Amino acid sequence: MLGVRNISKVLGDFHLEDISFSVEKGTYFVLLGGSGSGKSVLLEILSGIIRPDSGHLTLEEKDITTAPIQKRRLAMVYQDQALLPHLTVFENIAYPLRCTKIPSSLISKKVGELAALVEVSALLKRKPLTLSGGEAQRVALARALASDPVCLLLDEPLSNVDTPLRYGLRRLLRRINASGQTIIHVTHDFEEALSLADELAVIENGRIVQQGTPEDVFSSPKSEFTAHFTGIRNFFRGKLTSGHINNDIKCFTIKSTTFSVATDAQDGEGYLIIPTESVIISEDKIENQAVNLLQGEVVDYFPTRAGIEIVVKAGDLLISGLMPKGTLWQRDELAGKKVWLYINSLPKRFIPL
Amino acid sequence: MKNDRTYLIFSILGGLVLLFIIAPLLSIFLSTSFKDVSDTIKDSEVTESIWLTIFISMVGTILFALGSIPLAYLISRKQFFLKRFFIAVINLPIVIPHSAAGIALLSVLSRNTLAGKFAGQLGFEFVSSPAGIMLAMSFVSIPYLITSAIDGFNAVPVKLERAAMNLGASPWRAFFTIALPLAWRPILSGLILMWARGMSEFGAVIIIAYHPITTPVLIWERFNTFGLQYAKPVSLLFICICLAFFIVFRLLTKRNTDARG
Numbered sequence: 118m119l120g121v122r123n124i125s126k127v128l129g130d131f132h133l134e135d136i137s138f139s140v141e142k143g144t145y146f147v148l149l150g151g152s153g154s155g156k157s158v159l160l161e162i163l164s165g166i167i168r169p170d171s172g173h174l175t176l177e178e179k180d181i182t183t184a185p186i187q188k189r190r191l192a193m194v195y196q197d198q199a200l201l202p203h204l205t206v207f208e209n210i211a212y213p214l215r216c217t218k219i220p221s222s223l224i225s226k227k228v229g230e231l232a233a234l235v236e237v238s239a240l241l242k243r244k245p246l247t248l249s250g251g252e253a254q255r256v257a258l259a260r261a262l263a264s265d266p267v268c269l270l271l272d273e274p275l276s277n278v279d280t281p282l283r284y285g286l287r288r289l290l291r292r293i294n295a296s297g298q299t300i301i302h303v304t305h306d307f308e309e310a311l312s313l314a315d316e317l318a319v320i321e322n323g324r325i326v327q328q329g330t331p332e333d334v335f336s337s338p339k340s341e342f343t344a345h346f347t348g349i350r351n352f353f354r355g356k357l358t359s360g361h362i363n364n365d366i367k368c369f370t371i372k373s374t375t376f377s378v379a380t381d382a383q384d385g386e387g388y389l390i391i392p393t394e395s396v397i398i399s400e401d402k403i404e405n406q407a408v409n410l411l412q413g414e415v416v417d418y419f420p421t422r423a424g425i426e427i428v429v430k431a432g433d434l435l436i437s438g439l440m441p442k443g444t445l446w447q448r449d450e451l452a453g454k455k456v457w458l459y460i461n462s463l464p465k466r467f468i469p470l
Numbered sequence: 002m003k004n005d006r007t008y009l010i011f012s013i014l015g016g017l018v019l020l021f022i023i024a025p026l027l028s029i030f031l032s033t034s035f036k037d038v039s040d041t042i043k044d045s046e047v048t049e050s051i052w053l054t055i056f057i058s059m060v061g062t063i064l065f066a067l068g069s070i071p072l073a074y075l076i077s078r079k080q081f082f083l084k085r086f087f088i089a090v091i092n093l094p095i096v097i098p099h100s101a102a103g104i105a106l107l108s109v110l111s112r113n114t115l116a117g118k119f120a121g122q123l124g125f126e127f128v129s130s131p132a133g134i135m136l137a138m139s140f141v142s143i144p145y146l147i148t149s150a151i152d153g154f155n156a157v158p159v160k161l162e163r164a165a166m167n168l169g170a171s172p173w174r175a176f177f178t179i180a181l182p183l184a185w186r187p188i189l190s191g192l193i194l195m196w197a198r199g200m201s202e203f204g205a206v207i208i209i210a211y212h213p214i215t216t217p218v219l220i221w222e223r224f225n226t227f228g229l230q231y232a233k234p235v236s237l238l239f240i241c242i243c244l245a246f247f248i249v250f251r252l253l254t255k256r257n258t259d260a261r262g
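Chains as they are written, first to last, in the numbering used here: chain A, 118 to 470; chain B, 2 to 262.
Errors might be hidden in some of the hints.
One side of the interface only, derived from the structure: several residues of chain B facing chain A at Cβ under 8 angstroms [as the list claims (entries may be wrong)]:
#1 Ser34
#2 Ile55
#3 Arg163
Label pairs and their computed distance ranges (CB to CB) [stated by the list, open to error]:
#4 A:Asn322 with B:Ala156: 31 to 39 angstroms
#5 A:Lys188 with B:Ala156: 38 to 46 angstroms
#6 A:Gly153 with B:Ala156: 26 to 34 angstroms
#7 B:Phe119 with A:Ala184: 42 to 50 angstroms
#8 B:Val249 with A:His132: 53 to 61 angstroms
#9 A:Lys242 with B:Thr114: 56 to 64 angstroms
Once the Cα atoms are required to be at most 25 angstroms apart in a straight line, the calculated PhoX-like pairs of lysine-lysine come out as [unchecked claim]:
#10 A:Lys430 with A:Lys402
#11 A:Lys226 with A:Lys244
#12 A:Lys242 with B:Lys79
#13 A:Lys188 with B:Lys79
#14 A:Lys442 with A:Lys372
#15 A:Lys244 with B:Lys160
Just so you know, the hints here were simulated from the structure itself, not pulled from any lab data. Since the structure is predicted, the reported quantities are computational estimates derived from the model, not experimental observations. No residue lacks a Cβ here, since even glycine has one placed at the ideal position from N, Cα and C.
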């Protein structure tokens, strides 16, 4: 239904490069990315606010790359809602309807229905500045729906909303999507993406680095960004080469450091995931271990649900592990402490590129 | 303690400035008798000139607003070649001597110029006519409206207009339903300033048209011909009427005209 083909855009130092994806009717599509990744720029290109330098956009088989913003039928819901401050909630929702030739009686009926859908019927006479963040976002959703869009574009719609209200809004978004409304939702929130998406694209430095169902993306992260979302701290890009000892143990080299990895994957570039639980940290050198043994210095530490997480700089790498249970290390002695790291070969995971 | 001293010094300095503004106005009030004012109100030459001045300045303000407000919107919203130069040009009438502005206007509006000949074909002329007075008043006062309107449009987030267009509004509709209502207050302030400044114009007006006589010209004429005592009642009356209009319009702009409220 919505096709994005090889879209590129240069904005100062920022490059949006060769973005391609398609969104089928009724799909809840989430674009996940951190600050400055280009996700909001991409949304502005879709809505027509920014023209791409190259590439094509199609909507229901029609090319809309250069179509005027008001003719696209891609309604945007902004992070800060962009409600019209001089109009009441009723007039805000009615605004897109007044742009058409719908009779006033039908406008009142339609506004009433949409207000009921997003549960703002009691707020119709209020001005936007008197609304809470959650109420304003519901009004913005109703207003976007009033324009009868082919696809809703949501730009971080839940980021200015308190946590309890966020769950309510997520339910509302799922309900709107369940009614057949196609949605493209931009967010930096991994949990939000996981809870809403039928399909997911991860955008990083102006490029889509991974795309698929949430299960695909989170079970095999292909970027540090996604890996961090899944709670994986040790995520390294490097090269896998066959070992000398046997075919099942291979060498994974990251800059000047080499790990032994138990994998039957083909040699080549890829990512290595080392769970923090597999990193054994010790003050003394672990005897009888010749491989996956590194010496380093503690550069950071912070409490997590699993215990105190320690970040060790070992050569060029920053490796996270948990503070060994039963140690008597004082927290104020951790910074700069020299430690040994041993990485158990079994739980490491290699993801080929 | 040091803070208190700073505020005291600032208050004294500020007070002197206020005194400088208030003293001449107060003096004219105190030194003019009620009888003189009463006689002046009955003087048809004075009342006609006051109404003429108010009316011409208002017509000029309204007519030029039709072009000035779109111009201010363009300047606020678009980036274009020589934009800063154009903004400087708009503000030129404030800095040039107004008698020089009158001469400059005369050089494009007199009978033997293109505009003058065109007006002649339409059956009127600019020199010594209300049309010429209106142009002279507008020329010197238009920067106040444009600058104020630019500030007003700058304060309206572009995002709101984009949101409106994203919802199906044409740029025309977005201007009239978003930008204009939200910038309404500074625009109205600009209109009042332009109108008030136009009314008080003397230098440019007297070069374009001595007659029909506007109040600033009449005050000058009475002062020149009969002396200070004869100029004072007309001045007082004109000041009172201008102040009354000014206060009424200011109150109007304050009451519920803040579209963001």
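Results of checking the hints against the structure:
Here the hint on Ser34 (chain B) is broken, as its CB sits about 50 angstroms from the closest CB of chain A, past 8 angstroms. Checking Ile55 (chain B) against chain A by beta carbon gives a least distance of about 31 angstroms; that is not within 8 angstroms, so the hint is violated. Of the supplied interface hints, the one on Arg163 (chain B) holds, with its beta-carbon coming within about 5 angstroms of a beta-carbon of chain A, less than 8 angstroms. For Asn322 (chain A) and Ala156 (chain B), the hinted distance range of 31 to 39 angstroms is satisfied, since their beta carbons lie about 35 angstroms from each other.
In this structure the supplied range 38 to 46 angstroms is violated for Lys188 (chain A) paired with Ala156 (chain B), their Cβ-Cβ distance being about 29 angstroms. Checked against the hint of 26 to 34 angstroms, the C-beta distance between Gly153 (chain A) and Ala156 (chain B) comes to roughly 28 angstroms, which is consistent with it. Remark: the range hint 42 to 50 angstroms for Phe119 (chain B) to Ala184 (chain A) is upheld by a beta-carbon distance near 44 angstroms. With their beta carbons about 57 angstroms apart, Val249 (chain B) and His132 (chain A) fall inside the hinted range of 53 to 61 angstroms.
A beta carbon spacing of about 58 angstroms between Lys242 (chain A) and Thr114 (chain B) agrees with the range 56 to 64 angstroms that was offered as a hint. A threshold of 25 angstroms between alpha carbons decides the hint, and for Lys430 (chain A) with Lys402 (chain A) the separation of about 16 angstroms falls inside it, so the pair holds. Between Lys226 (chain A) and Lys244 (chain A), the direct Cα distance comes to roughly 20 angstroms. Compliance with the 25 angstroms bound is thereby established for this hinted pair. The straight-line distance between the Cα atoms of Lys242 (chain A) and Lys79 (chain B) is roughly 35 angstroms, outside the 25 angstroms bound, and the hint therefore fails.
For the suggested pair Lys188 (chain A) and Lys79 (chain B), the alpha carbons sit about 22 angstroms apart, so the restraint of at most 25 angstroms is met. At roughly 31 angstroms between alpha-carbon atoms, Lys442 (chain A) and Lys372 (chain A) are farther apart than 25 angstroms, so this suggested pair is violated. Annotation: proposed proximity of Lys244 (chain A) to Lys160 (chain B) holds, straight-line Cα distance about 18 angstroms (limit 25 angstroms).
Hint compliance for this structure: hints 1, 2, 5, 12, 14 are broken, all remaining hints hold.
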